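From first to last, the protein sequence lines stand for chains B and C.
Count the first sequence with our numbering and you get residues 1 to 113, in order.
Count the second sequence with our numbering and you get residues 1001 to 1112, in order.
Hint data in this document are derived by calculation from the structure and do not stem from the laboratory.
Since the structure is predicted, the reported quantities are computational estimates derived from the model, not experimental observations.
Virtual Cβ for every residue (Gly too), placed ideally from N, Cα, C.
Any given hint could be a false lead.
Unchecked claim - One side of the interface only, derived from the structure: several residues of chain B facing chain C at Cβ under 10 Å:
1. V4
2. Y30
3. F34
4. Q38
5. L46
6. F62
7. T65
8. A91
9. H93
10. G99
11. L109
12. Q110
Unchecked claim - Across the chosen pairs, the derived CB separations fall in these ranges:
13. B:E69 / C:V1074: 42 to 50 Å
14. C:K1017 / B:E76: 42 to 50 Å
15. B:E8 / C:S1073: 50 to 58 Å
16. B:G1 / C:E1068: 21 to 29 Å
17. C:A1054 / B:T108: 35 to 43 Å
18. B:D54 / C:V1096: 24 to 32 Å
19. B:S14 / C:E1068: 45 to 53 Å
20. C:E1085 / B:T20: 31 to 39 Å
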Amino acid sequence: GNSVTQMEGPVTLSEEAFLTINCTYTATGYPSLFWYVQYPGEGLQLLLKATKADDKGSNKGFEATYRKETTSFHLEKGSVQVSDSAVYFCALHGSSNTGKLIFGQGTTLQVKP
Amino acid sequence: GAGVSQSPSNKVTEKGKDVELRCDPISGHTALYWYRQRLGQGLEFLIYFQGNSAPDKSGLPSDRFSAERTGESVSTLTIQRTQQEDSAVYLCASSVQGYEQYFGPGTRLTVT
Chain B
1 GNSVTQMEGP
11 VTLSEEAFLT
21 INCTYTATGY
31 PSLFWYVQYP
41 GEGLQLLLKA
51 TKADDKGSNK
61 GFEATYRKET
71 TSFHLEKGSV
81 QVSDSAVYFC
91 ALHGSSNTGK
101 LIFGQGTTLQ
111 VKP
Chain C
1001 GAGVSQSPSN
1011 KVTEKGKDVE
1021 LRCDPISGHT
1031 ALYWYRQRLG
1041 QGLEFLIYFQ
1051 GNSAPDKSGL
1061 PSDRFSAERT
1071 GESVSTLTIQ
1081 RTQQEDSAVY
1091 LCASSVQGYE
1101 QYFGPGTRLT
1111 VT
């Protein structure tokens, strides 16, 4: 079945450091891929998405490229801020399922000033 | 406009009691989803409603769990005879079919 695997956290970085959070997936067909973010005390929010191979999703300085050849959707940001501290979830929406999202286990990012 | 709302925000219950969790989706969203998030883990899909179609119940962990939705309105997730392993945050999301899901703030359930 479909699944998503994320790098384990927590990830601790200094402000302005480069961020990569790895995400790989297993799916049949052509899934859509998402990154969601959960800030402390807040609900889950969509950060970015990509719906087909080689698409790049971007938002708030974050980017992720849908790589079908490596079944990956790694999240990157060139210069993190303290306000980026949150839990990040990679997820997929299968091309043949009923619409449910399959989530990775989440990666906690802590950015220190 | 208003987002997805859920109530209660927190619920503490004794083992063996029944609980009802409520979700108000965004107006016009035909699809509604329930997920469970255990501490330190990702979200697990529970159930999906799409319009008047039969719901996808494939994620419900046991027959103690059930959910209802009337048309495109409010949904209720019911857990009967709660167990300690049911302690989690229960998240509801809604969407226009095929588009991104918008999540509510969740209900934190603690079973003592």
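These are the hints, each one checked on the structure:
1. V4: Given a least distance of 8 Å, the restraint on V4 (chain B) holds.
2. Y30: At about 14 Å, which exceeds the 10 Å cut-off, the nearest Cβ of chain C leaves the hint on Y30 (chain B) violated.
3. F34: Holds. Min distance 8 Å.
4. Q38: holds, 9 Å
5. L46: holds, 5 Å
6. F62: Check failed: Cβ of F62 (chain B) comes no nearer than 16 Å to chain C, outside 10 Å.
7. T65: Violated, because the Cβ-Cβ distance from T65 (chain B) to chain C comes to roughly 19 Å (cut-off 10 Å).
8. A91: holds, 8 Å
9. H93: Holds, about 9 Å.
10. G99: Because about 6 Å separates G99 (chain B) from the closest Cβ in chain C, which is inside the 10 Å limit, the hint holds.
11. L109: violated, 14 Å
12. Q110: violated, 15 Å
13. B:E69 / C:V1074: 42 to 50 Å: holds, 44 Å
14. C:K1017 / B:E76: 42 to 50 Å: holds, 46 Å
15. B:E8 / C:S1073: 50 to 58 Å: Since E8 (chain B) and S1073 (chain C) have Cβ atoms about 40 Å apart, the given range 50 to 58 Å is violated.
16. B:G1 / C:E1068: 21 to 29 Å: holds, 27 Å
17. C:A1054 / B:T108: 35 to 43 Å: Roughly 38 Å apart at Cβ, these two residues keep to the hinted range, so it holds.
18. B:D54 / C:V1096: 24 to 32 Å: At roughly 26 Å between Cβ atoms, V1096 (chain C) and D54 (chain B) fall inside 24 to 32 Å, so the hint holds.
19. B:S14 / C:E1068: 45 to 53 Å: holds, 49 Å
20. C:E1085 / B:T20: 31 to 39 Å: holds, 34 Å
Consistency with the previously given hints fails for numbers 2, 6, 7, 11, 12, 15, ordered from lowest to highest.
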